[in-house]
Amino acid sequence: MSFITEQEAIEHVQGFDALSASDKADYLQKAEAYLIARNVKPYEDVTLVPKALKTASFEIIKGIMKGELYQGQEQPLKRKKVKADTVESEKEYQDGAVKLNATEQYILDLIKPFTKRSSVFFIRRI
Numbered sequence: 001m002s003f004i005t006e007q008e009a010i011e012h013v014q015g016f017d018a019l020s021a022s023d024k025a026d027y028l029q030k031a032e033a034y035l036i037a038r039n040v041k042p043y044e045d046v047t048l049v050p051k052a053l054k055t056a057s058f059e060i061i062k063g064i065m066k067g068e069l070y071q072g073q074e075q076p077l078k079r080k081k082v083k084a085d086t087v088e089s090e091k092e093y094q095d096g097a098v099k100l101n102a103t104e105q106y107i108l109d110l111i112k113p114f115t116k117r118s119s120v121f122f123i124r125r126i
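The opening position of the sequence shown corresponds to residue 1 in the numbering used here, with each subsequent residue numbered one higher.
No lab work stands behind these hints: they were computed from the structure.
Check each hint, because a few of them may be wrong.
What the hints assert, rightly or not - Using 20 Å as the maximum straight-line C-alpha spacing, the simulated SDA-like pairs for lysine to any residue come out as follows: (1) K62 with E32; (2) K30 with T55; (3) K66 with A33; (4) K41 with L53; (5) K30 with S89; (6) K51 with D23; (7) K66 with G15; (8) K66 with T86; (9) K62 with S89; (10) K30 with E44; (11) K41 with M65; (12) K30 with L110; (13) K24 with K83; (14) K66 with A25.
Bear in mind that the values here come from a model prediction, so they are computed numbers and not experimental data.
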């Protein structure tokens, strides 16, 4: 189950062919996890994947290689105070905010399809 093949990635992503076999597999797995975590329906047959999803997969791999995706998340800043004369700096982060590194962010995307989703069901009586 994947959106693109290794050969397609080699043809469309510059520098992908120079990677080791384990790195190639890692990038393909990360691209798949990225799409699935965003509720994209996985395809059993790669030949049935729409061109737009293939292109998205190539862009995801490019983004990961450039460090633009799965780079970690900063804590949301609530307030920042800076003073010039006596050199004072103060940062206050939002309550409950946690900094996620790239590995944690990737793992959360991997497990997201398997976690319970809260949903609301409306029942109508006849």
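Does K30 pair with E44 here, judged by a C-alpha cut-off of 20 Å? holds (17 Å)
Would the hint linking K30 and L110 be met if the CA-CA limit is 20 Å? holds (8 Å)
For the pair supplied as a hint, K62 and E32, is the alpha-carbon distance within the 20 Å limit? holds (13 Å)
Does the alpha-carbon distance linking K24 and K83 stay inside the 20 Å limit? Given pair K24, K83 is violated - Cα atoms ~48 Å apart, limit 20 Å.
Hint check: K62 vs S89, CA-CA at most 20 Å. Holds or violated? Answer violated: K62 to S89 is near 37 Å, above 20 Å.
Check the hint pairing K66 with A33 against an upper bound of 20 Å on the C-alpha distance. holds (18 Å)
Holds or violated: K41 and M65, Cα atoms, limit 20 Å. violated (24 Å)
Hey, K30 versus T55, does the alpha-carbon distance stay inside 20 Å? holds (15 Å)
K66 and T86: Cα distance at most 20 Å? violated (39 Å)
Would the pair K41 and L53 pass a check requiring their Cα atoms to be no farther apart than 20 Å? holds (10 Å)
Next pair to validate is K66 with A25; report whether the Cα-Cα distance is within 20 Å. Answer holds: K66 to A25 is near 17 Å, not above 20 Å.
Given the hint that K30 pairs with S89, does the C-alpha gap stay at or below 20 Å? violated (38 Å)
Hint compliance for this structure: hints 5, 6, 8, 9, 11, 13 are broken, all remaining hints hold.
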